[in-house]
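Student: Residue-level listing of the chains:
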Amino acid sequence: MSTYEAHGTYTPTSGIGKWVDARMPLPRMMYDSFVAYPVPRNLNYAYTFGGILSFMLISQILTGVVLAMHYVASTGLAFTSVENIMRDVNHGWLLRYMHSNGASFFFVAVYLHMFRGMYYGSYKAPRELLWILGCIIYLLMMATGFMGYVLPWGQMSFWGATVITGFFTAFPVVGQPIQELLLGGYAVGDPTLNRFFSLHYLLPFMIAGVVILHVWALHVTGQTNPTGIEVKSKTDTVAFTPYATIKDAFAMMVFFVVFAYFVFYLPNYLGHPDNYIEANPLVTPAHIVPEWYFLPFYAMLRAITFNVGPIDSKLGGVLVMFGSIALLFIMPWLDTSKVRSAVYRPWYKLFFWIFVANAIFLGWLGSKPAEGVYTMMAQIATLYYFVFFLIILPVLGLIETPRRLPNSITEAVLERNRKSGAQQVASGTAASPETRG
Amino acid sequence: MKHVIATIGAAALAMALVLPGANAAEEEGEQHTVHYPLKKPVEQDWSFAGPFGKYDKGQLQRGFKVYANVCSACHSLKRVAFRDFHELGYSEEEVDAIAAGYDVEDGPNADGEMFTRPGLPTDYFPSPYENEEQAKVANNGAIPPDFSLIAKARGVERGFPLFVFDVFTQYAEGGPDYIYSLLTGYGEEPAEHVVVPDGLYYNPHFGSGVALAMAQPLYGDDVEYDDGTPATIEQEAKDVAAFLMWAAEPHMTERKEMGFRVMLFLIIFAAFLYLAKKQVWSRVDH
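Those sequence lines, one after another, are chains F and U. If you read the first sequence in the working numbering, its first letter stands for residue 1, the second for the next number, and so on. If you read the second sequence in the working numbering, its first letter stands for residue 1, the second for the next number, and so on.
Chain F with its partners taken away, still in its complex shape (with noise of 0.2 Å):
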């Protein structure tokens, strides 16, 4: 039994809260678990993407279910049942622009929420499988995401479809079964579309379950926090409300910010201009690109230009793609330091952040014609996302020195503060001494 079940100072006061008490606690676990919940007091903004991501998914279901009851899963319609979303449906426009562009925000914040746990050492012990809980929810979100690209049957809708399913028939064997089960056929039609719509609107509900465990897992082991250093007594937490609540839904509302003004001033721009235009077998487009959020995994799988004994390029292609998220998955036991933050770990900090550029160098690369030096650059860029993690991550944990940890998070923010503190009184004596609150 972990610590962190013992906190419960729920005491309902009256008589329905206590007659639901002893039938069924719900309110005491949502009361320990989002009220009393302790959280390190030194976390920082970086934190706050659980909170938002959980938003964006109820934002996602809901706009979902709606544009689902106009929406029409057969090739001949579902272009203009889209159009007509956009054109006739009273605030349909905003309800496809927010799902659509909810897709993309959904995906920026996993993004930096997984960046985050790679900086902090979030998947280490004894959060191996708060980690991979969200590696699976990350995999679930790549399947919803490029079913959910298919539906408005645009081109890039159809040939992304063709050209994703076609991956699966690189396997020997299994492959091109593999592939006439996920069309439901030989090539991408009614079928293919009827079960992507399906499974589009089953998957995020998949999501929200895993969603849960991940959430439960977090609130058995606890927080990480920037030190990485385990929580060790109660002076080292805040209550979760009000200190993390508000400082989450501050950060959600600048993070909505952001998203509102893409949805209302730029809803296409994370969109292709082919995709207004409705799905077509006889024309294909000059360049097939995924969505934004596929083009690193994209770019590697299209870098494996060369045979490898018995695997072919295609074949050593798509290994290579799923491999790179595979690595994911094993990440925690690939790690050999024990020292979890980057913030004590010189060489892993740059390392971390040469990684973090080269992901987004992967996802340029991945919107460029697969030719000439792009391939090239590509197949260095891949190369070092694989070092990274079968060579850097190993090896750097037995031979980097870390730097000195805290004894404790409390000692480390009070540390903090008397520096910043000493500073403050050093620029300045005219500073106003009511400068809290």
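Calculated directly from the structure, the hints in this document are not laboratory data. A few of these clues could be false.
Computed list of chain U residues with no C-beta within reach of chain F, every gap over 12 Å [stated by the list, open to error]:
#: 1; residue: 56
#: 2; residue: 104
#: 3; residue: 194
#: 4; residue: 208
In silico BS3-like pairs for lysine-lysine, Cα to Cα no more than 30 Å straight-line [what the hints assert, rightly or not]:
#: 5; chain 1: U; residue 1: 40; chain 2: U; residue 2: 136
#: 6; chain 1: U; residue 1: 40; chain 2: U; residue 2: 57
#: 7; chain 1: U; residue 1: 40; chain 2: U; residue 2: 256
#: 8; chain 1: U; residue 1: 278; chain 2: F; residue 2: 232
#: 9; chain 1: U; residue 1: 277; chain 2: F; residue 2: 234
#: 10; chain 1: F; residue 1: 18; chain 2: F; residue 2: 234
#: 11; chain 1: U; residue 1: 54; chain 2: U; residue 2: 78
#: 12; chain 1: U; residue 1: 256; chain 2: U; residue 2: 54
#: 13; chain 1: F; residue 1: 232; chain 2: U; residue 2: 277
#: 14; chain 1: F; residue 1: 338; chain 2: F; residue 2: 349
#: 15; chain 1: F; residue 1: 234; chain 2: U; residue 2: 78
#: 16; chain 1: U; residue 1: 278; chain 2: F; residue 2: 419
#: 17; chain 1: U; residue 1: 57; chain 2: U; residue 2: 256
#: 18; chain 1: F; residue 1: 232; chain 2: F; residue 2: 349
#: 19; chain 1: U; residue 1: 277; chain 2: F; residue 2: 419
#: 20; chain 1: F; residue 1: 232; chain 2: F; residue 2: 419
#: 21; chain 1: U; residue 1: 136; chain 2: U; residue 2: 78
#: 22; chain 1: F; residue 1: 338; chain 2: F; residue 2: 232
Glycine is no exception: its CB is placed at the ideal position from the N, C-alpha and C atoms.
Based on the hints, put chain U in the right spot on chain F.
Tutor: Quick look at chain U alone, frame taken from chain F:
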């Protein structure tokens, strides 16, 4: 935090140094596929650009006239209904009259026959061809695309770093810029190494080749504007591009107006939340 910013800066700098080199290498290297269009679209000033952009109804009406008199001979506008024309500033009677100016096929009637009747506001814009095959045979094998979404379905890749700046300048007029540039881009002599296939017309602004199947459609004075605006080719091209943007995104003005209110609310609410957060957190060292 300073370290973080410094590292990001260093990474960005490194990328900025590498990328121009990469482009240069690409240009020097062996001949790759040529990227179209040969010439980037010429950016225009649009009344509907920016956070407070609005459609200019006079311009939309002029653009509609160009579409109706010139483009509609070959290009359909099948997702736009006559009733939508209220948004162009036409009155009920004018919309009725515009609709009645078109023949619409209806039926079958009680005798099982299809019949033609004058259009009603609830009708959609009739297409110039019965079907794609007819469109193809009338146009030398090329199907003139439907115009309902053309302003959102065309866009020239902006490239790095322009696509980053576009977020801040709210550049979302790639479609109308492209249409304007294409319509005014005819008449140039192709460079020597450019081979123009037979039956196609050279246009360096065309997005997917050196030449397209459509001959120059506008020459200036193709229509006579009701408001007395001189119908130069540039004016006509700009007006019809604006009209097509409206056809593709009829709720844009409404969207931007709502956007302003939403942004204002979110920013003020965020400011209050920030103050509340400061107040709450002032109780502990953190």
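Student: Look at each hint and say if it fits the structure.
Tutor: To see whether the hints hold, each was checked on the structure:
no. : hint          : result
1   : 56            : 19 Å, holds
2   : 104           : 18 Å, holds
3   : 194           : 18 Å, holds
4   : 208           : 6 Å, violated
5   : U:40 x U:136  : 29 Å, holds
6   : U:40 x U:57   : 28 Å, holds
7   : U:40 x U:256  : 27 Å, holds
8   : U:278 x F:232 : 26 Å, holds
9   : U:277 x F:234 : 21 Å, holds
10  : F:18 x F:234  : 28 Å, holds
11  : U:54 x U:78   : 24 Å, holds
12  : U:256 x U:54  : 8 Å, holds
13  : F:232 x U:277 : 25 Å, holds
14  : F:338 x F:349 : 15 Å, holds
15  : F:234 x U:78  : 67 Å, violated
16  : U:278 x F:419 : 20 Å, holds
17  : U:57 x U:256  : 16 Å, holds
18  : F:232 x F:349 : 25 Å, holds
19  : U:277 x F:419 : 23 Å, holds
20  : F:232 x F:419 : 23 Å, holds
21  : U:136 x U:78  : 17 Å, holds
22  : F:338 x F:232 : 17 Å, holds
In summary, the structure is inconsistent with hints 4, 15 from the numbered list given earlier, while agreeing with the others.
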